[in-house]
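Asker: Read top to bottom, the protein sequences are chains F and V.
Be aware that the first sequence starts at 1387, since it is given in my numbering, and climbs by one per residue.
Be aware that the second sequence starts at 362, since it is given in my numbering, and climbs by one per residue.
Simulated from the structure, these hints should not be mistaken for laboratory data.
Treat the hints with care, since some could be wrong.
Pulled from the structure, derived: some chain F residues nowhere near chain V, Cβ distances all over 10 Å [to be verified]: (1) H1440; (2) P1446; (3) T1506.
Some but not every residue of chain V turned toward chain F, in silico, with C-beta under 8 Å [what the hints assert, rightly or not]: (4) D702; (5) L732; (6) Q735.
Each residue gets a CB set at the ideal place from its N, CA and C atoms; glycine is no exception.
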Amino acid sequence: MTAGTGGGGPSKGTVHIVHLYPREMSIYGDLGNTRALASRLRWHGYTPVVHQHHPGAPWPEHAHLLLGGGGQDSGQVRVQEDLFTHADRLRAYAADGMPMLMICGMYQLFGQAFLTVDGTRLPGLGILDVTTTGNATRMIGPVVLDTLAGEVVGYENHSGSTVLAAGQEPFGTVRHGQGNNGADRTEGARVHEVIGSYLHGPVLPANPALADHLLRVAATRATGGWEPGEIDDSVAEQAHARQVSRLLAG
Amino acid sequence: MIRSTLAIAAGKLARHATRLRGGGSALPGLVTERIDPGILAHTLADLPGGVVVVSGTNGKTTTTKMLVALLRAHGQRVFTNPTGSNFTRGVISAMLSEVPLSGRLDADWAVLELDEAHALHFAAAVAPTHALLLNVARDQLDRFAEIDQTAQLLTRLAEQTTTGVVLNVDDSFISRIHRSVGPDVSVGWFGVDPACADRLPELQEADVREVDGAAALPVTADASLLLVHDERSFTVTGSGADVGPVTLRQRGLAAMINATAATATARAVLGERFEPGVAATTLASVTPPFGRGEVIDVDGQPLELVLVKNPAGFTVALGTYGSEPVATMIAINDNYADGRDVSWLYDVSFESLREQGVALTSGVRGWDMALRLQYDEVPVERTETDLDAALEQFLHEHADGPKRIFCTYTAMMHLRRRLAARYGLARFGEDAQ
Ligand SMILES: [Zn+2]
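Can you build the whole structure from these sequences, using the hints too?
Answerer: Given below as structure tokens:
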């Protein structure tokens, strides 16, 4: 059972994926997002190159798509300094339309600020116009969203409660679960081609439409176009459909 | 003391009642604890030896079983809690069957396997004399949302311990705890011998690995280290005399490191009385506990049930069994006891199953499991989310050969109940001999 046609024919081009801080910020299977994108690029007939960016390392020469995940508090502290070293570059990429998917902890760091329980204000990159407040209780559980990429399923696990500034688009609308703050039914945030979200799962394997949306933008930046191959997504569709119907029924 | 007697009497009564109904193990403990919250302290604090607590994410049950066997082989009388009751009330319930109304246990030592959060709750009632801290891994994220938090629970447990702690030198979350123990508390170490440190990645996740491990210990450190000879045999080196070579009745590196941890702790508890020869013979005779490689005879062919509950555990299980040519089924549920988030499957590499393939994926999240395998290019013959139907097909289609099922907790309970009805197995919590 191979999912893709891949393999045959010359490569349609090389797409460079940068995974930010895979050691510190890829808890709860977030590495699965990187794996899903690399595999799907191959299945579509492209050549993926995955760069793992660690704190203090030189920035990769090519980048067409950025990924980041969630982490322990200790991990977040370790990456912060490096992230700010690259702040201007990241803001420029975002404004230029580079696709990015930032999950949980990295979503928070891409926001304006994080306010800790004791009132300290930790600044973020400010790419997404959101502010997160530390909470004593966590929001944990399965999630279903409506998004521009259709229904999205995942699993949230966060103690921060995030609020969107006026005019900031959410990534999706919550149909099951808590989302940004458990109150306004928004989940995540998106601006240009940057998506921030709390969804682990990991989110991309079970939501191939979202994965392919990111790849289309990235491949277009890398090669000037997007020529998707034919992928058999029947297993992903089963996994996705069963979660949706089970959660929306309950 | 009258209060304790009353509490024990009430608990015994509740125990008898739940037994008649075939109920769970925690209720009698709850009854007893309600009447006398200090029951644990009253009963355990006066033991002539002391109280040894075993905690950490992976390997508690196997390690506790080995440690109990080691102490008993050295002539010690040991009270322990049976498999699966690693909560305070479970300990009290277990005690009820052995304690007379006077509240005096006929034992030198209590050796208790305790869940991380409950270990602390327990320590608040009875300060352990010894603590063995195994590892910290992602598990049951619904309860312990952060590894950091779990590590803190274990640190506080070590702070409560009065005589000696035994720590994993290769798990940085555990090894750094040595800075937190009291000045009069001895520190013993277990870990992987630097000569075979290349095997470490099979045992744990990258984010808990200390670069130096045992190689960084001072020469004066009290350390018991695992030296692997081959897939079956090993020696525990260090601290005076070596234990081994030993061949366990359970396979795999994880069982070997559990044996190393149990040996380190037996050394800490017994001191001069520890005999390497007795230890080696004892370890070789311990049978694997329920769900840790239990083998069931299904119409003349072995069927192995392997419990998987977190990335480190699944990785270890695949390292132990993965490349063997047996028919394989994987059953993943996402009930509370399994962990409701299946993200962790993406932190496990399934490449060792690629050549052999997987016959069936099942459980509520059977399709998610199939999807995960697709990304590791492991062929899956079919997915059947209904566990009964899947088991039926699996046994039928692979009747002529050895079989293995990797399963999460509630999937295992379900499958085992079915298999027990058909093939007559020991009940949960009892050992399949
Ligand atoms: Zn999270």
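Asker: Mind listing which of the numbered hints don't hold for this structure, in increasing order?
Answerer: Of the numbered hints given earlier, the structure breaks none, since each of them holds.
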